[in-house]
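As a plain string of letters, each chain reads:
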Amino acid sequence: MSKDMHPGRVFAFMILLAIMITMSYVISGQLFKFGAMVISAFTTGEGAESAMQAGELMHKLTPVHNGLAVIVAIVMTICVVQRFLRTKNEMRGAFLKRMFLYEALAVGVVVVLFPFFWMLCTSFKPSGQELVISKTNPFDIVPSEPTLDNFRRVLKTDAASVAAGALDPIENKKNFGTYFLNSLLVATTAAFLVTLFASMGAYVFSKKELPYKQQMFMLLLATMMIPGMMFMVPQFFMVCKMGLFGTKWAMFLPHLASVFGIFMLKQFMDTIPDSLIEAAQIDGASEWQVFRVVIVPLALPIILTLFLLTFLFHWSNFLWQLIVTNFENPLSITLPVGLALFRGQYTSELGLIMSASCFSIVPIAVLFLFAQRYFIEGMTQGAVKE
Amino acid sequence: MKERNLIIIAVIAYLALVFVGWDDSIATSPDGRTILTFWHTYNDQEEVILREIIKKWETGNPKFTIRPVRIPFDGHKPKLRTALTVGQGPDMARVDWSFVCELARKNAVVDLGTLGFETIRAQYLPAAIGSCNVGGKFYGLPDQSNCVAMFYNRQMFRDAGLLPATAGDSAEAGEFENVLPKTWEEFIEFGKKLTDESKGQYAFAMLNTLWWNLTFLNTYGARIVSEDGTKCLIDSDAAVGAVEMMASLFAKHKIEAGAWRPGAITPEQGFVNGKYAMIMMGPWNLAKFKNAKMDFGVGLIPAGPAGTSTNVGGTDVVIFKGSKYAEACYSFLTFFTNAENQVRWCTALNQLPINLGAYDLVKFEDQHLMTFMEQMKHAGPNPVVKDFGLLEDLVNPEIEAVLSGQKNAKEALGSAAKKVQERLLDS
Amino acid sequence: MAIRTSQDTAVAAGFLSPFMLLFGTFLIFPIFYSFYLSFFGSPTDYSLSNLEFVGLANYKRIIGDFQFWWSLGVTALYGVISIPLGICASLALALLLDNKLFGKSFFRSAFFLPNVLDMLVVGVIWTLIYAPKFGALAQITTWLMGENNFFNTTGLLGSPYTALLAVVIAMVLKGAGFGMVLFLAALQNIPEAVYEAADIDGASEWQKFTKITVPLLRPIIIFMVITGVIGSLNAFTEIYAMTSGGPQVVMGGETVGSTSVAGYYLFKQFDSGNYGYAAAISYMLLIITLGITWLQQRIASRNDAMEAKK
Numbered sequence: 001m002s003k004d005m006h007p008g009r010v011f012a013f014m015i016l017l018a019i020m021i022t023m024s025y026v027i028s029g030q031l032f033k034f035g036a037m038v039i040s041a042f043t044t045g046e047g048a049e050s051a052m053q054a055g056e057l058m059h060k061l062t063p064v065h066n067g068l069a070v071i072v073a074i075v076m077t078i079c080v081v082q083r084f085l086r087t088k089n090e091m092r093g094a095f096l097k098r099m100f101l102y103e104a105l106a107v108g109v110v111v112v113l114f115p116f117f118w119m120l121c122t123s124f125k126p127s128g129q130e131l132v133i134s135k136t137n138p139f140d141i142v143p144s145e146p147t148l149d150n151f152r153r154v155l156k157t158d159a160a161s162v163a164a165g166a167l168d169p170i171e172n173k174k175n176f177g178t179y180f181l182n183s184l185l186v187a188t189t190a191a192f193l194v195t196l197f198a199s200m201g202a203y204v205f206s207k208k209e210l211p212y213k214q215q216m217f218m219l220l221l222a223t224m225m226i227p228g229m230m231f232m233v234p235q236f237f238m239v240c241k242m243g244l245f246g247t248k249w250a251m252f253l254p255h256l257a258s259v260f261g262i263f264m265l266k267q268f269m270d271t272i273p274d275s276l277i278e279a280a281q282i283d284g285a286s287e288w289q290v291f292r293v294v295i296v297p298l299a300l301p302i303i304l305t306l307f308l309l310t311f312l313f314h315w316s317n318f319l320w321q322l323i324v325t326n327f328e329n330p331l332s333i334t335l336p337v338g339l340a341l342f343r344g345q346y347t348s349e350l351g352l353i354m355s356a357s358c359f360s361i362v363p364i365a366v367l368f369l370f371a372q373r374y375f376i377e378g379m380t381q382g383a384v385k386e
Numbered sequence: 001m002k003e004r005n006l007i008i009i010a011v012i013a014y015l016a017l018v019f020v021g022w023d024d025s026i027a028t029s030p031d032g033r034t035i036l037t038f039w040h041t042y043n044d045q046e047e048v049i050l051r052e053i054i055k056k057w058e059t060g061n062p063k064f065t066i067r068p069v070r071i072p073f074d075g076h077k078p079k080l081r082t083a084l085t086v087g088q089g090p091d092m093a094r095v096d097w098s099f100v101c102e103l104a105r106k107n108a109v110v111d112l113g114t115l116g117f118e119t120i121r122a123q124y125l126p127a128a129i130g131s132c133n134v135g136g137k138f139y140g141l142p143d144q145s146n147c148v149a150m151f152y153n154r155q156m157f158r159d160a161g162l163l164p165a166t167a168g169d170s171a172e173a174g175e176f177e178n179v180l181p182k183t184w185e186e187f188i189e190f191g192k193k194l195t196d197e198s199k200g201q202y203a204f205a206m207l208n209t210l211w212w213n214l215t216f217l218n219t220y221g222a223r224i225v226s227e228d229g230t231k232c233l234i235d236s237d238a239a240v241g242a243v244e245m246m247a248s249l250f251a252k253h254k255i256e257a258g259a260w261r262p263g264a265i266t267p268e269q270g271f272v273n274g275k276y277a278m279i280m281m282g283p284w285n286l287a288k289f290k291n292a293k294m295d296f297g298v299g300l301i302p303a304g305p306a307g308t309s310t311n312v313g314g315t316d317v318v319i320f321k322g323s324k325y326a327e328a329c330y331s332f333l334t335f336f337t338n339a340e341n342q343v344r345w346c347t348a349l350n351q352l353p354i355n356l357g358a359y360d361l362v363k364f365e366d367q368h369l370m371t372f373m374e375q376m377k378h379a380g381p382n383p384v385v386k387d388f389g390l391l392e393d394l395v396n397p398e399i400e401a402v403l404s405g406q407k408n409a410k411e412a413l414g415s416a417a418k419k420v421q422e423r424l425l426d427s
Numbered sequence: 001m002a003i004r005t006s007q008d009t010a011v012a013a014g015f016l017s018p019f020m021l022l023f024g025t026f027l028i029f030p031i032f033y034s035f036y037l038s039f040f041g042s043p044t045d046y047s048l049s050n051l052e053f054v055g056l057a058n059y060k061r062i063i064g065d066f067q068f069w070w071s072l073g074v075t076a077l078y079g080v081i082s083i084p085l086g087i088c089a090s091l092a093l094a095l096l097l098d099n100k101l102f103g104k105s106f107f108r109s110a111f112f113l114p115n116v117l118d119m120l121v122v123g124v125i126w127t128l129i130y131a132p133k134f135g136a137l138a139q140i141t142t143w144l145m146g147e148n149n150f151f152n153t154t155g156l157l158g159s160p161y162t163a164l165l166a167v168v169i170a171m172v173l174k175g176a177g178f179g180m181v182l183f184l185a186a187l188q189n190i191p192e193a194v195y196e197a198a199d200i201d202g203a204s205e206w207q208k209f210t211k212i213t214v215p216l217l218r219p220i221i222i223f224m225v226i227t228g229v230i231g232s233l234n235a236f237t238e239i240y241a242m243t244s245g246g247p248q249v250v251m252g253g254e255t256v257g258s259t260s261v262a263g264y265y266l267f268k269q270f271d272s273g274n275y276g277y278a279a280a281i282s283y284m285l286l287i288i289t290l291g292i293t294w295l296q297q298r299i300a301s302r303n304d305a306m307e308a309k310k
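Chains as they are written, first to last, in the working numbering: chain A, 1 to 386; chain B, 1 to 427; chain C, 1 to 310.
One should not assume that every hint holds.
[What the hints assert, rightly or not] Derived coverage of chain B by chain A (criterion: at least 3 residues anywhere in the stretch with Cβ under 8 Å from a Cβ of chain A; other residues may be distant):
1. 73 to 87
2. 170 to 184
3. 277 to 289
[Said to hold, decoys possible] No more than 27 Å apart at the CA atoms, straight line, and that leaves these computed lysine-lysine pairs for DSS-like:
4. B:193 to B:182
5. B:199 to A:60
6. A:135 to B:199
7. C:100 to C:268
8. A:135 to B:193
Please keep in mind that the hints were generated in silico from the structure rather than gathered at the bench. Think of the CB as a built atom: it goes at the ideal place given N, C-alpha and C, for glycine as much as any other residue.
In isolation and in its complexed conformation, chain A is listed as follows:
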């Protein structure tokens, strides 16, 4: 160490280092423990006894996951210390700032992602133990006796559901797979149509001339102020009159006119400079080409965001889909409604609800990971910045 090192900086570094070590140990410790828990849950069978076996297996794995966490903490410490020592003295202030920034972001990520972790952990807990808090460490939410029973019950592969399903072929079709497929069809079709129509409409409101455009837009905004539940009964009338009750069209058709979508896209398109459109028009592009080549690529991050949000809305639109469902027909039951069928009457079985939520969130996470390349990385290479 060189002797002209600033003592205050060293002190700050020490504190940040201590925070980093604790955080990396705790976070990776929980993640590795979660991994061990998943492994033990998968290697044992159904029922309460196998949950105890899984618990024993997990206990045996304790040194492994603790050891891994220690290794991660040590490796990270070595890396950071080395980098700090290598950094030139005048750059060390910036280095500390950056380190603080990363730690703050990490804390933020832990706070916002904690619900996901909690949801995952709870879905592995056996019935009755969802609410039991660890006596040694109240923050340790990884179950000590994990089981896959909740997932089995959701997918109807447990003994009781198999017995019930054997009684009736139609009833047997009422399973998670059917609900999932139904919701997938409803949500993707709806999201695609909403984004298409809303981006076309938003383009007009943002960049085109139309008589009474402003007034029309204000009127649309005003209708957003009325809560959607007021429209539920009349829309239900209309759907029934059209003979669509119990069909998949009924699940999304009344919600295709998304004022929210048009508003969001219009506001974003307002930030796109007009000069780009004029340039394209001078090059002889047709109206549709301008829309497709200039507007859509520039607004793609927001269009994808709208797609995701609309998908999400239809993926979890319980009340509306409930009232237009024909429960005699398994092909009419969507995921949110199907998941409500699991929920008991008196016992709100948290483990069961959470494992069902896990299943319904998986496709969204996949969609998101696929799309994030476009709407998160896509942003960094905007056409305007060159």
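Following the hints, complete the assembly by docking chains B and C onto the known chain A.
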């Protein structure tokens, strides 16, 4: 270029999915029999027994077949309301007990008196059938019923010296009679021994919703509405006494944990974690607590001036006016709830019977369920109003104001009674 | 030239027509129908065909409904706290993650991800975090300040003074990632040259932020404010999941819920089958919001005119 191929493949796959999965036709199996639709909210285990009973009934009634259709319990009310609006309701349905009065007032369900219900009325548990009684006429049959009793944590009782050291590792039949307090006065005394605020341990925890509070009110003999359903009686002296006692558990004696506050954890969770020594709970949680490896017992609710008592919950089955075959529906529902089928149902599913004829025939292995059967005999009647949710919304805030010490019981219940009278009973 | 504009109009109308067709089919009738319902009493049966005409009685009842005015006040407070907090949080995240940063896209994804969670799940989890005696917050404060602290005895959701704030914090943390994505996308449309010109003029970072970034992000900020207002007026699920309208406070003899926002009050009316009164409440809310908007615009335009005179 690769990317474009990927997108094309995705679009083709999606279109294939649409053509395979976009099928809205209903599979029916016509064999000449008339179909009666029964919307129920049972779970998998219950549905197995239900189908067994349906098969038995169909052999005696070859003209009909019953199609049980499960709908989610969360949302069965909006589903039925909207279906009835366009006339697409089922022939019969299982509904929450609090919904029967609304259905009857809105002229949607059949008065069972016209089908000869008087002759078999005495079979049913009075507290359970009470919820179907709207203005002296009966619009439904109970199919499932339950109540709450006092659960106690045996380990915490042992630590406080309230459970004899000779007691075994698990609760025996009738143990509660020597262990649990018998009156609310005793309850407070016991509570002080069981509470240790420094360890975060409390003797008791309660929720504040009217349905849960009915237990307290019933032990004081207080009624919410008069028998004919025209007058609100919640400001009676008995009710004031009950609410004052409830409030004193928290504010004066400090043996209640404050679990009635918004955002506090539920009595159930505190009980499972060994923080609350006693809670009121229904039979539906017995299996769950056993799974949580708890050492607990169940006993009767302490007695107030009107003796021990409890509330009633459960579900009823109703027949809709839209059905052309009300008599066949009635025949099935009475068959479904007769003593013989109740015995089969209750022993298979560990549920309390609603048919008095089944009471002596049902023997549970679980002693706690026998305690519940005993408790059920002392159940008080539920208030039958056209909108129980609104009744809760009007009364709960006032009782919370008492519990948090912002109002005294007399004043709060007075204004609750006024609002209930104006907005629920007279309108 | 005239031909050109009419052709332009036709193209614009063509682009807009699919949306307008759907809007006209599925929203115009419900809007008029619910307005029509607001002049009728509660239905006596399920068919909704024999309703009793009550004229303006529903609107008159609102004027004297203390619960409604209280819930409107709570809604205003909810909006006043949640909108600026939400905008600041998402703008701060966007500015932080617009820099060159290792693992930037991981952080962006992570902050956006809570948006996909169900509101009820979020509600359950935050209730457990805030719960006195058991929750994470109570554990931390007990460790720091001893067991006799507010977070451990009453809990944030248990006190009428803090319950609304606690709900807002949970909602802001859930929604900040969405605002972040909007701001990040809009930041890409600001030409680099503008900042370079400011650098030459010797502008400080703060000046660049207030004079360049914020004005150019104005459309997004307007969007966030307006959707924030709408979100506050329609707020319901978060209240339902976390507090059910409580804790109760006594105000001049009336017991009212400290988190009972207008959307929650409206839902309760709707759930009780009072369609007429619920419709009247939602139109009253619309009138009040539009009135405030109009007033605010008039004041703004007068200010602009005064500044122009100077």
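Hint by hint, here is what the structure shows:
1. 73 to 87: holds (count 9)
2. 170 to 184: violated (count 0)
3. 277 to 289: holds (count 6)
4. B:193 to B:182: Roughly 16 Å between the alpha carbons, so the hint for residue 193 (chain B) and residue 182 (chain B) holds.
5. B:199 to A:60: This hinted pair is violated, its Cα atoms lying about 32 Å apart.
6. A:135 to B:199: OK: residue 135 (chain A) and residue 199 (chain B) at ~13 Å, within 27 Å.
7. C:100 to C:268: violated (49 Å)
8. A:135 to B:193: holds (23 Å)
Checked against the numbered hints given earlier, the structure breaks hints 2, 5, 7 and satisfies all the rest.
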